[in-house]
Amino acid sequence: MLKYIGNRILQIAILLVIYVAIVFFLLHAMPGGIKTLLISNPKLTPQAQEAIIRAFGLNQPLWLQFVDYMKNVFTLNLGISFSYYPTPVWNIIAERLPRTVLLFTVATLIAFFVGFASGKSLAWNRGKTTEYISTIVGIITYTIFTPLLIFVMIWFFGSFLGIFPLNQFLNPDLWIHTRLNAQVIFLYILLTMLIIGMVMLVSYLVALRFSHKVRTRRLIFYLSTIIAVVFSVFFWWVSPVGIYAADILWHMVLPVMTVTIISYAGNMLVMRDSMLETIKEDFITTARAKGLPDKVVRDKHAARTAMLPVVTNFVLSLGFVVSGGVITESLFSWPGMGMTLLDSTLAKDYPLAAGALIFTGIFVLFAHLAIDIIYAFLDPRIRY
Amino acid sequence: MTNNPNTTVEMAEAKLESPTLIRMKLMWRSFKENWKIFSQSKIGMIGLYIVIIFAVAGFIVYPILAATVWKTTSLNAMVSYNPVTGYDFLQNNPAPPSWAHLLGTDPLGRDILAQLLYSTPREFMLGIVAALITVIIGTLIGTVAAYFGGALDTFFMRVADIVLLFPFIPFLIVISGMMQVDLLTLALIIGLLSGFGGITIVLRSQALIVKSRPFIESAKISGASDSYIIVNHIIPNVMPLSFLYMMFNVTGAIFSEAVLSFFGLLNIKMSWGLMIYTADTAGYIIGSNIWNYWWLWLPAGASITLLCGAFYFIGRGLDEVVNPRLRKR
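These protein sequence lines are chains W and R, in that order. Residues in the first sequence are numbered consecutively from 98, following this note's numbering. Residues in the second sequence are numbered consecutively from 2, following this note's numbering.
Worth flagging that the hints you see were computed from the coordinates, not collected in a lab. Any given hint could turn out to be false.
[Unchecked claim] Keeping only pairs whose Cα atoms sit at most 30 Å apart, straight-line, the calculated DSSO-like set for lysine-lysine is:
1. LYS212(R) <-> LYS377(W)
2. LYS43(R) <-> LYS225(W)
3. LYS43(R) <-> LYS377(W)
4. LYS445(W) <-> LYS270(R)
5. LYS225(W) <-> LYS37(R)
[As the list claims (entries may be wrong)] If you want the footprint, here are the derived chain R segments under chain W, 3+ residues with CB under 8 Å:
6. 158-171
7. 300-308
Backbone N, C-alpha and C fix where the C-beta goes; we use that ideal spot for every residue, glycine too.
Okay, chain R solo, but in the shape it has when bound (with noise of 0.2 Å):
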């Protein structure tokens, strides 16, 4: 009996959930409550259905075709076939579409549908490993020069306006020119690059104002320590806006990768850029031999544009969700 108060507490704790589990039915409260307005933005519902569509291509039915239709077939005794990489010996290559290859073939007598769906994981992972660089290093400075201001602050965010002056492009182009530059090394570059650049002068500006909100405050107070205080309550303040600009940024990577394997600048084996750089090479677009032609250069070109796009459209859609001023009235 005497210890009955202690009892009461700990009968009382036992009823209560615990609180990884009530942060977890948060969590799923708010993002059931983001993806309502999320879903009411036409254009990012667009969005995520073409990226869900590449995704699924990719990654499921690429496998699976890979491993039944697109094996390396022998085409007769001595020649054996690759989509891939291979070459089409029984037709005139390039072909237009036809049964044997849904979207035709390209002047290497690969197949152009396999080459596009090899390629969709590989763009994925670029445009995705490129975006969480920039957007983990951008948050962590655009948070820590927030908090600790004075020197540090001026210091990146000069960083950040030599980083938005730069002509982007052409720097890649003069790197990827001296060295070889792979799938990873690109999207490292890409991603240390952005990193310093405009996003962390949007998130410093959002973590000034978490850094204004009393919490802070009374963290400060109850003894939190600075990396504490930066960990716990900025950053997940600050991870809306961050996940936005990822999107914007997956878009940016992925274009610039298309542009340099379009130039034939990077040093790998297939992408959608380099596609319609083998095209372009090997002269079957120009003027009006386009439309002749169309298998080469569209289905890639398509693809860069809708994956871009799509991305762009959910980082709109997510636009309305971070901004609340956005939203329709």
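Pulled out of the complex, with its shape left as it was, chain W reads as follows (with noise of 0.2 Å):
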């Protein structure tokens, strides 16, 4: 396993080691490429830009640029920002790279649960009118054009039940009053999530170590995970910032579950398809034969085994899901790294937007990487 897991490591730098190289050359090689852009202005002399082109490198040949580019993306040097001139890029992104993960780390695990568990019930209620209304309902939301989609939420929760704010990431009259920083409360809540999730590994592991029992196993897991949930949550209510991670969660609701709308019904599909295809297999109509209650062979025999397919297009969707999330965070104001994107390309921000790829792109093999390790602990047949 450990073998495994370090193999993946490895790829995974290498291929991020080719992804800079990708967008190192996106940036240098093309036309309108960042030279063009330095010295596209009319009113220097030849001269000036002479200069810009040997204070910036670029008379050098391509590949010592390469190589320079290389050792400043993994010192995390990325250059200044043009729009938020003396900010250097890399505070930019080390302030909004939290947002984002926030953000989609919540929507993608309510997501695969939901799509996990209607596919699950879908393919067991297989004829019925539900399957037909949710199955339409679900290729509608995969399909549908996300802007029309977040108009339709923002005018509904936002304006015409007027329930949740409508933009931005927290409330500037409760904001003005303190000296806190969001960046703060954006880590501190990851941490909070990252603890409680390594609660529910350790008493899980901890369980299946101790006792052999089903109904023992849960309890330990269940009983532990209230145990740090409720913990948690009753050290932010007793901490005085905890009314600022309560505004923050209250204006993420709207795009997680935006999010959680449009990408659902992949992983819905994807199981409803493969859960068909399990429970025609011989040892589901064994445990049936069997007299086992018709729940536990859903639950224990059928969706176990029709998962892997499910986890598999997690993992394939992951990109498209962050790629989405420019409309998503652009659309509801929500500044992280997606939103980034976006307006330092609007503004021809070539050293913030390069950045913002870059991150984008590490975002996403971390995640792949995250998911790798689950599945080798889920499929027992991956051993490399």
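Fit the two chains together into the complex; they arrive one by one in their own frames, and the hints show the way.
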């Protein structure tokens, strides 16, 4: 297992280098690239143009520039943003990456479980009216033009019902009286999530080690999860910054809901197909013939076997979800990586755009790595 | 009399139909069988109907209307009006649907219906060109990688891994921010990028199955060259699957174009995404306002959704033809 994970990390590192190389050649080797932009001002004298080219090292051979660029990327020296002038790109990205990570981790987790559960029951209730209706609804949300959905969501929840805040990721009226940095709150929320996740994992492993009875295992698992959740909620409640975290989470509800609606259907449809195939297998018939309850056959025998293609689909759709993040983030004014990417591209702020592109890629790569490791746990056949 | 055997053979050959005719007949028969399976899937048929409606509207109805109703007309002695480009001075714009403008006008006084129909053939061309490039590249690489194996195979599979990891739309956004991308360039970029991606993996695994069949062996024994086997034996057998993936790629290409032009990044005159962009930047799609100006974004958005959805539906219908396991039991 460790060897497999190490292998994957190595592969991911190689992919990362290739990815950065692609971004570099996109910036430097294409017509209209960074060189043209820097010297395109007609007021510049030829001497000034020459000086700019020399100052940025653009007169060196391409491979030397590439080596420099690589060195800079891996020391997080991404240059200075044009549109936020003296701020280095890395500071902007470090500020915005946690927001994207938080939004998409929550949304993809919810989408995965919703898709998994609904696909499971869809396949189990094949031929009923509910199956048709939810399949059609699923396909519609899967193929709908995302901005259209977001307009309607904003109108319905933000304006018609008026229950969710319309845009931005925090309420300025609340934050104006504090010297607190939203950044810190984001990091604390992520930390809390990580701790809860670790508690769940550890309790699962401990339960697996300690008991052979399903009921005891489940008791240990759920009890420790609930304790962790209650404890962290209590901690946030008591702490003075709790209200700010609640504010951020409150603003997050609508974007998370939208991303979930967009991406759950893919998981649902794959789960449905894979479940339909699993149901035909002999061991399901055997389980039924043994007289096991319907629910046990569905959850324990069929769903677990059918789960793997869904996880694969989840892996493949991750890039797509992050891509969709550009739309979601910019329409909800959620200042994460996607919005940064779009804004910097529109403002011709190449250092920031390249940095955002690189870190979006890194985010996707790491998500893949995490899922690969989970996959290796789930599928006992993977043993490299 | 001595030539008798030869003449009988010739006569027998004359009685037989020519090989091309037989091939045509076989193709027609398999097409009919597959059509029967396809037409049983409701979702596929719905998709096909929607695509046909759009195609008729874009390729037949629009040229007729453009030549008759939507000609550049002169409003008075000074100003002329073109429904796709021009400004209608006779009313306040954006105007709600009326008899003069069936779907209303946008903030620039252009007729929404005329814009919709004007863009339809372009969306089709974009989707189909991008998907064709993807499928041609994917099929070639997939079959070649499966047939030869070894380093070539490993190389292209790793490339596919990278492309799969790619944040596709951010990448397109940065490209279109840097260069002037028009519709054809976009189709080329989308086609090239996705051609090296997931489709090669799927087609390669299918080609591997075909490669292990006995008829490839016998073709090799009868002295067929590698390229002959790939072109005449493997590619026809992975063709149905490539066709299926072509449908999904059309959806992806149209969606990407819509997103990019929705952000105003493309160098094009008119498209469905651009229509929403115009309405959005003019400030007509904000909060509770959106239903007051529904004709600005709903027709265009619905068209994108419907056409993307329709190709996806066709894909799912074809899925049942290509993968017999999915059929209703």
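Evaluation of the provided hints:
Using a Cα cut-off of 30 Å, the hinted pair LYS212(R) and LYS377(W) holds, with the two alpha carbons roughly 29 Å apart. With a CA separation close to 16 Å, the supplied pair LYS43(R) and LYS225(W) stays within the 30 Å bound. A distance of roughly 23 Å separates the Cα atoms of LYS43(R) and LYS377(W); the hinted pair therefore holds under the 30 Å criterion. For the proposed pair LYS445(W) and LYS270(R), the alpha carbon gap of about 22 Å is at most 30 Å, so the pair holds.
A hinted pair counts as satisfied when its Cα atoms are at most 30 Å apart, and LYS225(W) with LYS37(R) qualifies at roughly 25 Å. Here's how the region 158-171 of chain R fares: 9 of its residues keep a CB closer than 8 Å to some CB of chain W, so the rule of at least three is met and the hint holds. For the region 300-308 of chain R, the stated coverage by chain W holds: 4 residues have a C-beta nearer than 8 Å to a C-beta of that chain, and at least 3 were required.
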